[in-house]
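Protein chains: 4
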Amino acid sequence: MKALRYFGARDIQYGTTDDAVLQDDRDVLVRVKHCAICGSDLHIYHGHGFSEDRGFCVGHEAVGEVVETGRAVRTLKSGDRVMISAAVGCGACPGCLMGRVHECENNGSGCYGLSAALQGSQAEAVRVPAGDVNARRIPEGISDEQALMLTDALPTSWMAVRNADIKPGASVAVVGLGPIGLMAVEGCFAMGAGRVYAIDLVPERRAIAEGLGAVGVDPGEAVAFIREDTKGRMCSSVVEAVGADATIDLSLRLVGKWGTVSCLGVNQTRRFPFPMERAFASGLTFRTGTCSVPHWWQELIPMVQKGQLKPERYISHRLPLSQGAEAYAILDRREALKVVMTPE
Amino acid sequence: MKALRYFGARDIQYGTTDDAVLQDDRDVLVRVKHCAICGSDLHIYHGHGFSEDRGFCVGHEAVGEVVETGRAVRTLKSGDRVMISAAVGCGACPGCLMGRVHECENNGSGCYGLSAALQGSQAEAVRVPAGDVNARRIPEGISDEQALMLTDALPTSWMAVRNADIKPGASVAVVGLGPIGLMAVEGCFAMGAGRVYAIDLVPERRAIAEGLGAVGVDPGEAVAFIREDTKGRMCSSVVEAVGADATIDLSLRLVGKWGTVSCLGVNQTRRFPFPMERAFASGLTFRTGTCSVPHWWQELIPMVQKGQLKPERYISHRLPLSQGAEAYAILDRREALKVVMTPE
Amino acid sequence: MKALRYFGARDIQYGTTDDAVLQDDRDVLVRVKHCAICGSDLHIYHGHGFSEDRGFCVGHEAVGEVVETGRAVRTLKSGDRVMISAAVGCGACPGCLMGRVHECENNGSGCYGLSAALQGSQAEAVRVPAGDVNARRIPEGISDEQALMLTDALPTSWMAVRNADIKPGASVAVVGLGPIGLMAVEGCFAMGAGRVYAIDLVPERRAIAEGLGAVGVDPGEAVAFIREDTKGRMCSSVVEAVGADATIDLSLRLVGKWGTVSCLGVNQTRRFPFPMERAFASGLTFRTGTCSVPHWWQELIPMVQKGQLKPERYISHRLPLSQGAEAYAILDRREALKVVMTPE
Amino acid sequence: MKALRYFGARDIQYGTTDDAVLQDDRDVLVRVKHCAICGSDLHIYHGHGFSEDRGFCVGHEAVGEVVETGRAVRTLKSGDRVMISAAVGCGACPGCLMGRVHECENNGSGCYGLSAALQGSQAEAVRVPAGDVNARRIPEGISDEQALMLTDALPTSWMAVRNADIKPGASVAVVGLGPIGLMAVEGCFAMGAGRVYAIDLVPERRAIAEGLGAVGVDPGEAVAFIREDTKGRMCSSVVEAVGADATIDLSLRLVGKWGTVSCLGVNQTRRFPFPMERAFASGLTFRTGTCSVPHWWQELIPMVQKGQLKPERYISHRLPLSQGAEAYAILDRREALKVVMTPE
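Chains as they are written, first to last, in the numbering used here: chain A, 6 to 349; chain B, 6 to 349; chain C, 6 to 349; chain D, 6 to 349.
Bound conformation, chain A alone (with noise of 0.2 Å):
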């Protein structure tokens, strides 16, 4: 099958590999209708990827049809349209029982495409692990591309927002308007948020952001404007998008007395200079961590179904599988939101 390939730093390559097929009873074989490329895939694309393998498949965020499934499948059937879930459970676990796929007992599979152990989406077909739980059928009134927000981005955005404790008409910052970021914009106001201060470097994406209801806010000016704007008071929660120490610094800056600062974005310092004597002064809630994708479809499901949360726009480029190659280093240059591919 056709699919795109990790060969190094800056070097994926759209090109024949084997064909996916079911290893075991609880797996699922999808042909993959689309896939996006995920902010966290550049990490790989810089060459700051979790193995040292070459030749994998890449690509965690991927939708399709469901062609083939092991005989101890209980919810899918050929034929299905599905969408896969970027964080993968064992299945069989209580954690995973209970749709806490972030509490698996058995997460040594983790996600898609970080190594040949488990092969990317970002390919003609992708085999699924425990499918009843790592995949699930697209809810009516739920289009391709909204389906494929859902498989990481939008929930990822989505448990930030619910990890900040936001509280009806609060102010609200978010750092970082990526597509997570300006989802979790969304996200903030459908919580209640009466503010939302939007913070990026590029002009344009805060403007995106003011389209939604936000104040854009330079990061540069972010501590003294936010600082005027609320009298002092800062932001009760902080919700940071990005995963860079600065911006998780600039957050910390940002929060007000008895605030909460809750981080998506992966961050690998071991040593991160935490502002401890900042933070009991003003008593710190911090959370960050990793997301359980099914655990949170209950929720955003009849969200998106009603037009509360509407993920698909901030998809900028749809390009064919096989121009992979540019279409990382398109977003590689920010010159692109959301990047979803399709298989010819």
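No false leads were mixed into what you were given.
The list treats identical chains as interchangeable, and a pair is accepted whether it falls inside one copy or across any two copies.
Capping the alpha-carbon separation at 30 Å, the derived lysine-lysine pairs in DSSO-like fashion look like this:
{"no.": "1", "residue 1": "236", "residue 2": "315"}
{"no.": "2", "residue 1": "7", "residue 2": "82"}
{"no.": "3", "residue 1": "82", "residue 2": "236"}
{"no.": "4", "residue 1": "38", "residue 2": "82"}
{"no.": "5", "residue 1": "315", "residue 2": "262"}
{"no.": "6", "residue 1": "262", "residue 2": "311"}
{"no.": "7", "residue 1": "262", "residue 2": "172"}
{"no.": "8", "residue 1": "236", "residue 2": "311"}
{"no.": "9", "residue 1": "262", "residue 2": "82"}
{"no.": "10", "residue 1": "315", "residue 2": "38"}
{"no.": "11", "residue 1": "315", "residue 2": "82"}
{"no.": "12", "residue 1": "38", "residue 2": "7"}
{"no.": "13", "residue 1": "311", "residue 2": "82"}
The set of hints was computed from the structure by calculation and includes no laboratory data.
Place chains B, C and D on chain A using the hints.
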């Protein structure tokens, strides 16, 4: 001073009565600028009041200017624009000290305008006991009319919304579209409701709710319509904003499995026929109670300041206090939403 | 196989019936090691069952050993010691996939032993539908008898405790001291209750509750005693563990301002006379519903493993299954707490 | 009057100073009956105080009798036995009016005994600003020594327990077994913890914790021991009760996936090396902050009255105030848990 006074069923008269004066070190005397008629004032108007007294001043929703303070008052001074909480606490028990007037251990005073014990505020002036707790300087950015809505109607509406366990994306019903019900529609959306069914017999009121984004439904069709529209799931939250047996009963038919019915209307039925079998089978939470006004100011003031809630738009009539008798009659004929009166 | 079967009011007989067999790929066949009689089985015994069927196997509390599995079963295999959830979900809808059997969208099967549709487990063997969801391997450190209490009685008790909004230090009442009520006493203390009033007509049951640290109270004296003991505040939480109109009514008299009444007992009254006036004046939360057994295992298993809850101590009788008719009679005469039966 | 005063590092002297007097209508003058030394007083003792002042009275934990009240004081009168909150609010801002001194908008006064701005209470008398908010009549059933523990140490401990997201049955660690840590051990059990690992270098302190039901662990062995004992899951909640970098670091190693670390100790590190990579991978919640004493009285008073928490048992030394210099030295040598002093 001039005031509206109760002399019997449908007999509320404008006339002269004794001036309001301080009685305690902690009292505050307020010259009333605007006052409003609450739905529960109609109970008194209909002769179903809480006292046999005659001639007392009625009304419990008012804003105005402080003209005198007892020497033990800490937070207010002459000239302050204030809003007066309809709920009155003693100001000195642990409940009041925590801002939870509804947990006041000595709540004999209860509310203005129910009897001669605490004169009402549909008058040129009103004595506010324990002014530090029972009144608040009107915050910057809040108009007099907004503040008037904050004295009772909006907090009552919001309490019921907060009691309704609204989940993001949820289908919610509001039963009864007086000003409190209409504000509840706004409040449900602010809490993340995905769809709000707005139920009232009066088409004009449903039309206002539709203008807020709700789906207007006639009470007679509500069960069938909502069953169809939710594919049998019914509503996960219902706000009951009338207090009649029929509307509580309807609310209990609209709630789905593991849902919540939150009542705010005054109901005095001692043996309400409660569908216990259905409640057990579906897993019901049922809540009712009165509103601790100052407790909710913390959350509501920023929401009104930021324009998330616009309570002033439900004021349909503005009249001089001298036309108070007519104002009650208009409201009684359901020709008005909120009636505001102004002493000349 | 041998089983207890229902033939009419007070006519439960031990005898031979068709062997339990697998009917679906996801079924599990369990050889029953121990089974127990639930208070709700007495409804059937009294002829107030949920079906006109005759001759079906009764009972819904059992533990045993897996002897056969359908080919789509993922988490269990022959030889596994298992506990069987009294609540039965389809195992394939979103609710079941989240471990919330009570939100199962297809819960036709409902429960074992209510009719011929799903044979009961007071038998030598029982077919468990969707075994992955509806049964669980008994965790290390849990005895068979503890596991048996985890199939229904303990989760039901715990759900009601969790629904009761118990605050640390609170005064709480438990109405009804069968095994579920006694476990609720334990549960209330585990949740931080400061005082637990344990209410039952039977002095021996009150004595057991007193051994757990509660204050035993006769129902006839409960209102006066608790008013005195709480200085008029009454209880902030009440757990109702019977399901009769009289005990629900009593519970509603024991709750104080802004308190919660949590009911767990089966009640089939269609027009229960609910004290709405009092509920409104005091600010009541009322909850009732059935128990989603597997959902609570996550929390309860560690509590039993660590000895915080000791459900096995409420087993008062152990009999061979062949004496099942007598076992029902003993329980009906209130001579027993929990009766456990063992197929020979 | 006689008092303990600060004159430099390790130089606290008992001597005569100006009498405490009322300065404001809302002040209350309290004759001190008992006062105690807090762990944070040792910061001052070590010369790491918050001011360059010399000669000011130290201490912020005291109970006594009201001897004079400003004319605007509502809730206290001469002769009342009172406990004095260590946290001081202005008493007139919205935060203070809601009983949330930690949200006081004007918290210049901060705390007693940190500088000459607000004289400490290790003295024969102390001026309490805004007495209605910052002191409380000692409730019936609370001894003087219990009340003394309620002025700071117990609420601080309890706040940290409540911030730790303790789930029923959970495995929890408490790091540091001074009086606050030992009370945290009690508090964790009151909140339903299934196992509490009590960690301190001092074997005697571990032995006290074991007497409360905890498992004593030496800090050097804590990571390995808890990993083994929890089968790799580690703790879902950790309460850090020291404030040192090393103990915060240890706490962050003891927490398991999706767990919470709650810190209560004063920490003044500006660039604490925070393990962000680990926090992200495991899904951490981290909380720290100071305690709003009166806010917690509502919950703690019934717990102490009912004997759920017994804070008085951590008082190890009782000395006359005149021996205050020696009292500090004893505490500094870690020979004491809580030292109580009494003016003669």
